[in-house]
Amino acid sequence: MEWRYRCTRCEGLLVPEATTWCCPRCGGVLRIDPPLRLVRDAIDAEDRTLWRYAAALPVARPPRTLGEGLTPLVEGELDGERVRFKLDFLLPTGSFKDRGASVLLAFLAAQGVRRVTVDSSGNAAAAFAAYAALHGLEVSVFAPAGTSPEKIVQARAYGAEVNFVAGQRDTVAAAAQAAGRAPETAYASHNWHPLFVEGTKTWLLEVWEQLGRRWPTACFIPVGGGSLLLGAYLALQALGGNGPALVAAQPEACAPLVRAWTRPDQVLEPVEPGVTLAEGTRIGRPPRGELLLETLRMSGGWPEAVPEPLLIETTRLLWRQGLFVEPTAALGAAAYRLVRRRGWLPGEPVVIVLTGSGLKAAGAVKHMLDQR
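So the sequence shown is numbered by the working numbering: it starts at 150 and just counts up by one.
If you are wondering where the hints come from, they were derived from the structure by calculation, not from laboratory data. Check each hint, because a few of them may be wrong.
As the list claims (entries may be wrong) - Beta-carbon label-pair distances, calculated as ranges: (1) Pro413 - Asp196: 42 to 52 Å; (2) Arg465 - Gln260: 39 to 49 Å; (3) Glu443 - Gly161: 13 to 23 Å; (4) Ala315 - Arg362: 17 to 27 Å; (5) Gly361 - Gly176: 15 to 25 Å; (6) Val223 - Asn391: 17 to 27 Å; (7) Pro458 - Gly492: 28 to 38 Å; (8) Arg213 - Gly492: 42 to 52 Å; (9) Pro212 - Trp493: 38 to 48 Å; (10) Pro298 - Gly471: 38 to 48 Å.
Idealized CB from N, CA, C, for every residue including glycine.
The task is simple: from the sequences and hints, build the whole structure.
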């Protein structure tokens, strides 16, 4: 294995092991070093999945896939302006998290892991459960005690064992981490593991191909834990060139990146998540927070806080274009509308990532329909 893990805090180098998900010395976030590059001729044009980029992924293409990747990039319109929507809600389990889960679980299965533990109450739980089933692995999902049963029913359908944990989100994560220390078991975290982010970079590699091997001008991305945003930066590293401005869309009720961006020192501090229909982004203390801010700066982008009324209005607007997404997935589109109202003229093409299916959020959808 030519690459290693490098800690983003203490700069220590580590040999990749199945049980390593953060720096054992200082608890810092890990990244792959050196960054994985993609020679353009190495793209496997015959492969119609994200594994067409296997040359720039940290694990070989597994024997079986669920056909993940190559989601459509379609033309659309917002407030009279032409945009392009990346339809990641059409991935096998209905969310972009299939990208990271497929790569991470292929790696863990190859390392001899037999069971994975996950802390999630939504899309990540479903994605990990599906790809664990694909690779013949057992999976234990740890979710907050107040989680609605409808949010984890998909993970249960794939065969996941679901454990409800009383306490704050950090307590739930700690329970999953502790269970991950059992023999032949690994903690698979979408918020921590560097291989998960490696999988998410494939969305922007696909966009680059779908636009005729060129970068868009700007990308609007819903951000909670931030793996999709960090994945975009890894895609830029892989191919090089002048990439798009990356805009991180967060709900006003939980916008730690926006708050940090407005501080003179741009130090990220935890926020208490408020009430929002964008449940997938209610992460008041993203583990990769400092990396997210650095990514925005390096790309020439910024974070945007979306008011709840605009989020609801935009979600309905997308539905009326045939795009049945959950409210979280509409954050990027809402942020685009916000900056256009301020007079921002990015030039074309602008790409907006739609991250999760409306089928994931039946309760929120019903609430919005009943409020009409």
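- Query: Can you list which hints this structure breaks, lowest number first?
  - Reply: Going through the list in order, the structure violates hints 4, 5, 7, 10 and respects the others.
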